[in-house]
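**Student:** Here are the chains, one letter per residue:
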Amino acid sequence: MEMNQTRRIVLRGAGSFGALSALIMAGVLKPTAAFAADWNKAAFEAKDTPAALKGLGAGSTADSKDLVLKVPDIAENGAVVPVDVISNIPNTTSIAILVDKNPTALSAQFSFANGAVPEVSARIKMGQTSLVKAVAKAGDKFYIAQKECKVTVGGCGG
Amino acid sequence: MSSMNRREFLQILAAASAAGFALDSRLAWGAGKADAFYELPRFGNVHLLHFTDCHAQLLPVYFREPSVNLGIGGAAGKAPHLVGEKLLKAFGLKPGGIEAHAFTYLDFEKAAKTYGKVGGFAHIATLVKRLRAGRPNALLLDGGDTWQGSYTALQSKGQDMVDACKLLGVDVMAGHWEFTLGDKRVLEIVEKDFKGKVDFVAQNIKTSDFGDKVFEPYTMREMNGVKVAVIGQAFPYTPIANPRWMIPEWTFGIQDDNMQKTVDEARAKGAQVVVVLSHNGMDVDLKMASRVTGIDAILGGHTHDGVPQPVVVANANGKTLVTNAGSNGKFLGVLDFDVKGGRISDFRYKLLPVFSNLLPADADMAALIDKIRAPHLPKLGEKLAVSEGLLYRRGNFNGSWDQLILDAIMEVQGAEIGFSPGFRWGTTILPGQAITFEHLMDQTAITYPQATLTEMSGEQIKMILEDVGDNLFNPDPYYQQGGDMVRVGGLEYTCDPNQKIGSRIQDMRLKGKPVEAGKTYKVAGWAPVAEGAKGEPVWEVVARYLRDKKAIAPRKLNQPKLVGMKGNPGIA
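So the protein sequences, as listed, match chains A and B. Here the first sequence is numbered in this note's numbering, starting from 1 and rising by one per residue. Here the second sequence is numbered in this note's numbering, starting from 159 and rising by one per residue.
FYI, nobody ran anything at the bench for these hints, they're computed from the structure. One or more of the hints may lead you astray.
Straight-line Cα separation of at most 20 angstroms, PhoX-like style, residue types lysine-lysine; simulated pairs [claimed, not checked]:
hint, chain 1, residue 1, chain 2, residue 2
1, A, Lys70, B, Lys371
2, B, Lys419, A, Lys70
3, A, Lys147, B, Lys371
Taking the hints into account, I'd like the entire structure generated from these sequences.
**Tutor:** Structure below.
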């Protein structure tokens, strides 16, 4: 199917992964030793979004319509929330996904080398309703897109 | 158009009143006049007949519309959030007539006795046949919530409704409660029973691993020389509102982007009319209609709103009609488009109430229903108790049927607080009517019926009420799940729907004393969505209570004190 191909292209194109927390697609993507090399300890252990952004070197961020973040309005399962990010900003070299209300805000960071298509699909874990943010780096500038994703106890519908 | 019919209809009513008839049944109307009520002249060349959320009600029922259906934020004061006189006024319906009875709760008991029961597949079948006779090649669309809601549907895993819908001549179907029969059963029906007969469509269901489609997103039909695409939209929050473990490999969601792609694809393939058969719920449909372009009409359900006329929503490229066709077999929507030179030039819409006294039963359908019910008649007919008051379910906060369930599960299980889900299905019982086992199953027939007894802290109780409150009152429809507020027994509280999550629920009290965050309370409930839940089916618990009480006095509804809702036309 079209979707499978897209995802496979994404996997091939996504050059070197920075690091992945709470990764999705268990069994498809397996962490390897290579991931550890770029581990940004300060960013990934930051307790809140401002500190995580600082760890990423993103002192200031600008809103961009060219950064497309797709996340469900309501999560079907807070343990595996699908997030897709596509950056149409020229020369995008990294994309990070952050969840404001998670105990550690930075969920994932992806790096793109040699003109790889800056498009990622991830499954992140969310403990509660929160703003989800995508931050892209292009040149020495950082761009941001955000959307609320609700995590609910469920039941009672219809 | 419909106004013509309405005028005729009002004349009939006036004549009947002037002649001093008691308006009860066909006798008062005269058979010819009753038939005129359902005479809807053909308009145009594309004809869509639509019913939704019948909840497996094969026989005629009583069904009371809500007196509380609040709209919050941008939805305040707009359809479908209008009740009683405000609804009549907004749609130009005459108070006191048969239509006022169909669309509102006003004077319900008296009007129900006058006009009789509504719906019933044998009566719907007659109406469908009549409409099809005057509308060649009309499509019959079933919006879903069809295979759940009765004892026979539960026993047969939806087979009774599948057979009835095939006999009725359903062409296209969408879904929600269907999925609570489990993914395998749904696929079995779609791939075997429905094959070559009924198209089960859903653009927003994908496999959760690679995002492959599970069902066809849409079907293209040629009608009287016009290509018509019908796109399916399943209830987007099925895995949240209902047990996810029953459909573990599927993911849902609203999926605006994919809807747009599907519309564009259908147009590119020559569709001159594109409609969505939706189980979003009306508020979500209204928002979707403003964001996705190229849809001529969204024929909606889920929220069970009987809306007499479509809401016309403007978007970037045109306009989309949004309808909602009520529930429990009470209504049949008729949408006619006139397509000239590849474009829609005009439309007519009428939401016809199905009064079973005014439509003779179709013999074939009646025979099928008899056959379905025959093995179960002794069980269905068991009289558990007599109700002295009106028992109904609809309303944002509580209904007398829900209160009765709460009273039963709390007393039988020795709980101080009760929670009952805010379902919108379930039929109505008039004062003096016996409550049969069948009636009880109309309120409780689900595939995860366990009655539960849980110890919860005051903090957890507050969290649950806030969570469900946000599903109902979040001002952004895409964050709503449809359904109503969880019904609460024992616990008193104040609700301020205009607040944000965390601040809507206030002043929680038990027997006058404030509920303490750290204290533990015994809470009775039912319908747990978690896998492996244990407990007796709730109908057994309630049946024991009813048999023991024999006579059920009118219920005292436990409803929250409301803040900030004064003047809202969504409350009586």
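**Student:** Could you run down the list of hints and mark each one as holding or not?
**Tutor:** To see whether the hints hold, each was checked on the structure:
{"no.": "1", "hint": "A:Lys70 x B:Lys371", "in the structure": "holds (19 angstroms)"}
{"no.": "2", "hint": "B:Lys419 x A:Lys70", "in the structure": "holds (16 angstroms)"}
{"no.": "3", "hint": "A:Lys147 x B:Lys371", "in the structure": "violated (25 angstroms)"}
In summary, the one numbered hint that this structure violates is 3.
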